[in-house]
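Peer 1: Next come the chains, spelled out residue by residue.
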Amino acid sequence: DAGVIQSPRHEVTEMGQEVTLRCKPISGHDYLFWYRQTMMRGLELLIYFNNNVPIDDSGMPEDRFSAKMPNASFSTLKIQPSEPRDSAVYFCASSFGGMGGYTFGSGTRLTVV
Amino acid sequence: AQSVTQLGSHVSVSEGALVLLRCNYSSSVPPYLFWYVQYPNQGLQLLLKYTTGATLVKGINGFEAEFKKSETSFHLTKPSAHMSDAAEYFCAVSAKEYGNKLVFGAGTILRVKS
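Each protein sequence line maps, in turn, to chains A and B.
Going from the first sequence to the numbering used here is simple: count from 1 and add 70.
Going from the second sequence to the numbering used here is simple: count from 1 and add 1.
Note that these hints are calculated values from the structure, not bench results.
There could be a bad hint or two in this list.
Stated by the list, open to error - Here are the computed lysine-lysine pairs in the DSBU-like style, where the Cα-Cα straight-line distance is at most 30 Å: (1) A:Lys94 to B:Lys102; (2) A:Lys148 to B:Lys70; (3) B:Lys97 to A:Lys94.
As the list claims (entries may be wrong) - Far from chain A, by Cβ distances over 12 Å, these chain B residues were calculated: (4) Asn42; (5) Gln43; (6) Ala55; (7) Lys70.
Stated by the list, open to error - For each label pair, taking beta carbons as the anchor points, the in silico distance ranges come out as: (8) B:Thr53 to A:Ser128: 23 to 31 Å; (9) B:Pro80 to A:Pro151: 30 to 38 Å; (10) B:Ser27 to A:Glu84: 20 to 28 Å; (11) A:Pro154 to B:Thr78: 26 to 34 Å; (12) A:Glu114 to B:Pro80: 27 to 35 Å; (13) A:Pro154 to B:Glu65: 38 to 46 Å; (14) B:Asn62 to A:Phe166: 22 to 30 Å; (15) B:Ile61 to A:Met110: 44 to 52 Å; (16) A:Pro124 to B:Thr53: 24 to 32 Å; (17) A:Gly129 to B:Lys70: 45 to 53 Å; (18) A:Ser128 to B:Glu65: 30 to 38 Å.
Note that the structure is predicted; figures quoted are calculated from it, not measured.
Even for Gly, the Cβ is constructed at its ideal location relative to N, Cα and C.
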């Protein structure tokens with residue numbers, strides 16, 4: 071099992087550009103979570119899906135952020151337009167059943183200049 | 002009210018000494034409890050978990066944690082610290098009252114001195 075796969079590992083972009091982060095969850099997992107980690111705010115849950123359906127997006131900071139899960143094996147987190155304060159490490163995690171242990175990806179380090 | 006409280010954002014121990022990382026939770030129903038470890042530039046990795054049954058749970062790398070309902074605690078311990086244990090550790094709780102998702106503590110950075 072390759073685990074949760076995120077791409078890219080690093081992304082540097084200019085302010086105002088669109089950024090798309092990608093995630094492939096573990097096969098068979100029915101929950102997918104997007105987190106953001108910063109020194110100031112720690113680990114924040116942005117949004118999560120159950121069976122490809124968004125369940126709770128209350129953590130999405132602004133309308134500039136959107137997430138989709140078109141099928142059970144792929145999800146994207148998009149920021150448009152990006153701002154320097156969006157710089158952070160974004161993690162994707164998946165699980166079988168939401169209350170169990172999660173498996174995290176290695177994260178995408180986003181830098182907006 | 003804070004769902005998960007980790008006492009001490011930074012803990013420093015000498016190599017070979019006992020590691021004790023504290024975690025308290027709030028839940029009105031029996032929770033599931035977890036400890037995760039994050040090494041620099043990596044994602045979070047599950048160390049151990051408590052769901053039901055035996056209250057003392059053993060995890061990877063020699064760590065263990067004990068669920069104490071009366072104290073609402075789930076402290077993480079390791080008898081002898083190793084340099085490779087230096088990392089950030091997160092306690093997490095899941096319970097029906099929090100929806101079907103984990104709630105994470107703020108994390109504790111463990112430093113191991115030689």
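Peer 1: Look at the Cβ atoms of Glu114 (chain A) and Pro80 (chain B) and judge whether their distance stays inside 27 to 35 Å.
Peer 2: holds (34 Å)
Peer 1: Please test the hint of 30 to 38 Å on the beta carbon pair from Ser128 (chain A) and Glu65 (chain B).
Peer 2: The hinted range 30 to 38 Å holds for Ser128 (chain A) and Glu65 (chain B), with Cβ atoms some 35 Å apart.
Peer 1: Checking the smallest CB distance to chain A, is Lys70 (chain B) really beyond 12 Å?
Peer 2: Non-interface label stands for Lys70 (chain B): nearest chain A Cβ at 18 Å, farther than 12 Å.
Peer 1: Is the Cβ of Asn42 (chain B) farther than 12 Å from every Cβ of chain A?
Peer 2: violated (8 Å)
Peer 1: Is the straight-line distance between the alpha-carbon of Lys94 (chain A) and that of Lys102 (chain B) 30 Å or less?
Peer 2: holds (19 Å)
Peer 1: Please verify whether Lys148 (chain A) and Lys70 (chain B) have alpha carbons no more than 30 Å apart.
Peer 2: violated (41 Å)
Peer 1: Quickly compare the C-alpha distance for Lys97 (chain B) and Lys94 (chain A) to 30 Å and report which way the hint goes.
Peer 2: Measuring from Cα to Cα gives roughly 27 Å; hence the hint holds.
Peer 1: Look at the Cβ atoms of Pro80 (chain B) and Pro151 (chain A) and judge whether their distance stays inside 30 to 38 Å.
Peer 2: violated (52 Å)
Peer 1: Tell me if the beta carbons of Thr53 (chain B) and Ser128 (chain A) are separated by a distance inside 23 to 31 Å.
Peer 2: Taking Cβ atoms as reference, Thr53 (chain B) and Ser128 (chain A) lie about 29 Å apart, which means the hint holds.
Peer 1: Given the hint of 38 to 46 Å, is the C-beta distance from Pro154 (chain A) to Glu65 (chain B) inside that range or not?
Peer 2: Holds, at about 42 Å.
Peer 1: Do the beta carbons of Ser27 (chain B) and Glu84 (chain A) sit within 20 to 28 Å of each other?
Peer 2: Hint violated: Cβ distance 43 Å, outside 20 to 28 Å.
Peer 1: Compute the least Cβ-Cβ separation between Gln43 (chain B) and chain A, then decide whether it is above 12 Å.
Peer 2: violated (6 Å)
Of the numbered hints given earlier, the model fails hints 2, 4, 5, 9, 10, 11, 15 and 17; all others are met.
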